[in-house]
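Protein chains: 2
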Amino acid sequence: MKKRILTGDTPTGKLHLGHYVGTLENRVKLQDQYEMFIILADTHALTTLSATPELIKNYTREVLLDNLSVGLDPKNVTFFIESGVSEIYELAAIFSMYVSHNRALRNPTIKDEISSKSLGDQFSLGFVNYPIYQAADILCVKGQLVPVGVDQEAHLEQAREIARAINKLTNSNIFPEPEALIGRVGKLVGTDGNPKMGKSLNNTIYLSDSTEEVEKRVMNMFTDPKRIHPTDPGTIAGNPVFTYLDSFAKEKDKGKIDEYKDRYEKGEVGDVEVKKYLAQVLNNFLNPIRERRLEYESQPEVLDKILVEGTAKTKKVASETLSEVRSEMGLI
Amino acid sequence: MKKRILTGDTPTGKLHLGHYVGTLENRVKLQDQYEMFIILADTHALTTLSATPELIKNYTREVLLDNLSVGLDPKNVTFFIESGVSEIYELAAIFSMYVSHNRALRNPTIKDEISSKSLGDQFSLGFVNYPIYQAADILCVKGQLVPVGVDQEAHLEQAREIARAINKLTNSNIFPEPEALIGRVGKLVGTDGNPKMGKSLNNTIYLSDSTEEVEKRVMNMFTDPKRIHPTDPGTIAGNPVFTYLDSFAKEKDKGKIDEYKDRYEKGEVGDVEVKKYLAQVLNNFLNPIRERRLEYESQPEVLDKILVEGTAKTKKVASETLSEVRSEMGLI
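Chains as they are written, first to last, in the working numbering: chain A, 1 to 332; chain B, 1001 to 1332.
Keep in mind that the hints were calculated from the coordinates and are not lab data. Treat the hints with care, as some may be off.
To be verified - In silico lysine-lysine, DSSO-like type, Cα no more than 30 Å apart, as pairs:
#: 1; chain 1: A; residue 1: K315; chain 2: B; residue 2: K1313
#: 2; chain 1: B; residue 1: K1316; chain 2: A; residue 2: K305
#: 3; chain 1: A; residue 1: K111; chain 2: B; residue 2: K1111
#: 4; chain 1: A; residue 1: K315; chain 2: B; residue 2: K1057
#: 5; chain 1: B; residue 1: K1057; chain 2: B; residue 2: K1029
#: 6; chain 1: B; residue 1: K1111; chain 2: B; residue 2: K1142
#: 7; chain 1: B; residue 1: K1142; chain 2: A; residue 2: K315
#: 8; chain 1: A; residue 1: K3; chain 2: A; residue 2: K14
#: 9; chain 1: B; residue 1: K1117; chain 2: A; residue 2: K111
Input sequences plus hints: build the corresponding full structure.
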């Protein structure tokens, strides 16, 4: 029997190149080898969009399109909407009894977000509960492997602790301890070199960006800040333009990139020429993704079917898991 | 149309005289005048019973019997099991996005419990979430009135804040702001005079206690600690024996109680005589309760039917409420 993967996205915006490198690429690679469930975590999205919940509906559709456009095959993969699987909420309620409040606050990702978003003490209880809900997402389908960005590793550790706690309590093996599968680059820097990439930082390239948008984004990218003239020797390390080239160029282009790196370090090529080349590389990478997106966009009934069938299938699995948990715990 | 009441119990043990005075009495009085829903909050019970979840099943049955035995009529009242109404968990997940973590921790009842149970920083995330789940219990049926012990008033304030937040967010009137109905005595002291009454404190008289158990409990009650001999003048104020007499004697016995009080203050009656009288008063009070309990206990199929039908009815109401919330918020 194939091992089971649970992965997914919180639809607070469209997916970008960082998501591709961090997790989407892995999903595509693993879709044949594993039984894959992909959650569209619409209620979780309220953590960020509590003031504008009406945006979530459209983002959910966009994120589904993002996933399909990179080559995830709905024949292989089960897509589901969180709010269609109410068992997740009940499991989370049970799990929250086995996680100390202190432990929840010690979560490094939670701490990072509080600090990076300058939340101070202005964050919701839902924000603190987030990792518990994520554990319920994973464990409701007994996910064994979770392809995640490196910033989600702490949440997965929380899910493992919960799995162990429930197994120990019930003296059973209801839950596997889900393992992380960290993406290739782990984390892609923003177009401004910021290690965080995001809509609010305006430093992203979306999978759904047009050719022209990509060109514009690339032309505005940060490079080596100490380099003023094309004849100044430049630095490759930490230079977003070369990071992106390394991440998205095809194998056959590696020679050309090495040549550019050499010339850049010697001060023999301008930023503009390298950026134009990067725009070309990125558009070559994005073209087949754009084509698949267009195809799905033209068939809304297919999109609906993917979600309805996937959610029903997941609900069945989750319902069995919940019954098992309740029964092993001796609950009603 | 009758106004709607939501009330109920967390089945972590059998109900006692404190529950009667604090809320059950009100429930009985109000059952004709209002449309009443009574929750048996089985998952909430994990807050206390996380290490022994298998106990909750039986406590749930006992608590249902407690409610029926005091005279709540299942023809009037809808009894339901929390875990049968999964909409509560989903509503709580949504609500938790509109309650700041700080606000949740500022809850005076939460603070009191942390202090009185010496929890220090050893409490679960579920414990902090408790008032949010209680808000979901109340609001899922749009409860307008909640007969509560005085210690639950803070939770109700939280429910009102959530109702207001969701109404404001959606510019609608989905939720009423539930009002508290504080019980007659508010809070009954334990048999040892401790203002907290509880199983772990061993200072309670249960509604299901036998005649002999009640006699034993009463004989061990605390009285006036400064009084050594029956001829010493005694104090009435804060004396649990007289508090219980005032709370449970029938109208026609008031004269006799006043006489006892007078003699007690003058040092003309011993503790034993007053206690014997109290035991009689309490057993007179409990006898019809015991009879009704026996009747229900002998008909398990009736108990099942009460819960199955009540839970199905509540689920329908809660499902409509959840749909309304999701639709007004513009969610999927």
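Right, here's what the structure says about each hint:
no.	hint	verdict
1	A/K315 <-> B/K1313	holds, 22 Å
2	B/K1316 <-> A/K305	holds, 26 Å
3	A/K111 <-> B/K1111	holds, 24 Å
4	A/K315 <-> B/K1057	holds, 25 Å
5	B/K1057 <-> B/K1029	holds, 28 Å
6	B/K1111 <-> B/K1142	holds, 27 Å
7	B/K1142 <-> A/K315	holds, 27 Å
8	A/K3 <-> A/K14	holds, 29 Å
9	B/K1117 <-> A/K111	holds, 28 Å
Taken one by one, the earlier hints all hold for this structure without exception.
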